[in-house]
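Required output: the full structure, derived from the provided sequences and hints.
Here's the letter readout for the chains.
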Amino acid sequence: MNQDIFVIIEHLRGQVADISYVMLAAAHELAQNTGGKVEAVLLGQNVQGLAGNLAADQVLSVEHPALADFTSDAYIKAVAGLTVEHQPRAVLFGHTSVGMDVASGLSAHLGLPLVGSVRYFESGGKFVSQICGGKIMAEGELPAPTALITLVPGGYKPEQGQSAQPPQVTQVAAPALDGLRVTLKQYIEPEAGDVDIAKEPLLIAVGRGIQTQDNISLADDLAQALGGVVCASRPVVDQGWLPTSRLVGKSGKAVKPKVYLAIGISGAPEHAEAITGSNVIVAINTDAAAPIFNIAKYGTITDLFDLVPVLTDKVREAKGG
Amino acid sequence: MNIVVPVKLVPDLVEELTIDASGAALDTMWLRLIINEFDDHATEQAILLKERSGGQVTIITPNAEGVDDMLFAASARGADRLIKLVGDFENGVNNHALARTLATTIKDLQPDLVLTGVQAHNDLDGSLGPLLAEYLGMPYTGYVSGVIVNGDKAIVRKEFPGGLIAELELKLPAVLGIQAAEQPPRYVAISKVRQAMKTATLEEMDAPGLNPDGGPTIGRMFQPEAAEKAEMISGNADVVADRLIGIFKELGVL
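Chains as they are written, first to last, in the working numbering: chain U, 1 to 321; chain G, 322 to 575.
Misleading hints may appear alongside valid ones.
DSS-like, lysine-lysine: derived pairs with alpha carbons at most 27 Å apart [what the hints assert, rightly or not]:
#, chain 1, residue 1, chain 2, residue 2
1, G, Lys519, G, Lys405
2, G, Lys474, G, Lys428
3, G, Lys428, G, Lys371
4, G, Lys570, U, Lys256
5, G, Lys570, U, Lys199
6, G, Lys570, U, Lys319
7, G, Lys474, U, Lys185
It is worth saying that the hints were derived from the structure and are not from the lab.
Quick caveat, the model's predicted, so the values are computed rather than measured.
This is how it looks when you write it as structure tokens:
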């Protein structure tokens, strides 16, 4: 076993995902404690070009046609090979559609311990995970011998994991990748929708607290009065009350408006990570312990059903209508 | 088509969560448990597949307070077989232990598809689906929001950030981690659940020797403190609305 920290770089169709840089920043924090190096693992086909700004002591590049597009099957085999050979102290994955498919499977495959939803590492090397929709943090010692980690965003800034100095890239032979049971058929592009919420300066967002489809009209009226656009968190879109193009969150859009008015949104991590680019967040939620109030500038626990209609009237008045 | 859906209960986040005297776990005394919402979607997706092309849906869950009601509700929605695992689940169990014991039972059920929630909000040792897939020797894909079965293959829609979807083909049998069913989980009337209580059978199966190896040990739990908590505006709707109008004006959006 050595003390190095591996980071499985997440990339999709030629673009390194922000979570990869966040992981590199976390890995440096952890490596300071273990005394090891930070090694970025880049799996794919013709991906050397993605190594350029990774803040790592070394990039291990594994190229294979079966790794050209992400599938859990091929990734598990490739990472298992490297982990067994190098025995790093920890392997970091994104707590994402990519990383979560691989990390748990690898834990069972290799019999190695796994810690999920880690947000940051303490200076002493302990992990701190974020669970229960962001309401609870859980701290513990990094398990041995090799800890598999899935990392959520928020604990480190992506810029901390970027470097102007290109890292050293070492080519590593891919293990045998045969007998694969998962294959990519095609990508389906996201629905365009009538507006691009990622570009809107004023967003009125509704969450589970809105309760029924009919109540969406409360947000519509306010948005119309203010000149903003209505968007939503996952439960509202899953109910079919608003189209996918209006989804803010992990599988939807990340937004950066001047003002984000969150109505009946708890601020679970999957949603919170997509709105941190907002200039000002204003939150209306009757649960005083909702994590949305940890990232909002202004908040109120006044019931939305009392407040929103009054607010809409006052906005209309202020606009002289 | 034989579909097995492992389901578990999780703390209801609407309720206040407190940490117990050990300082390293949630206080279970007042904890209200509800079905993991992604497992609810997995149940719905299984029933949709059965309605489309026939088959049997088996719901399987570790014993906990409230699981009987949850199982009967699943029956009222269209599940055919209800299995309750009986074992040392009282103090909670991690996903490694649950996956090991589920794998033993599920192997005997010989499923074509295993559908489970892509994650649960209290997972600390990874998500259940990929662990289960590995112990069962089946392929896995998570973040799934659409499934078509075609012979011995499943075509699934996997979600990536930004709304991109990958259409993947998996050889059956397979385990899928469901993010969202193709339709929202259906509502069933209480009267139908009551009827299921009279007619449906709960099968109990032993789950001996839970082995949690592979999960972390938690030394301490705490509630996060915001670096800068929101400035809270209190008062009736009128007062709060006036202040918000003022804020909108300051920010230049009104």
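Now for the hints, and whether the structure bears them out:
1. G:Lys519 <-> G:Lys405: 17 Å, holds
2. G:Lys474 <-> G:Lys428: Roughly 19 Å separates the two Cα atoms, so the pair holds.
3. G:Lys428 <-> G:Lys371: Given that 27 Å is the threshold and the Cα spacing comes to 20 Å, the pair holds.
4. G:Lys570 <-> U:Lys256: 19 Å, holds
5. G:Lys570 <-> U:Lys199: Between Lys570 of chain G and Lys199 of chain U the Cα gap is close to 21 Å, so the pair holds against 27 Å.
6. G:Lys570 <-> U:Lys319: 11 Å, holds
7. G:Lys474 <-> U:Lys185: 12 Å, holds
Of the hints listed earlier, there is not a single one the structure fails to meet.
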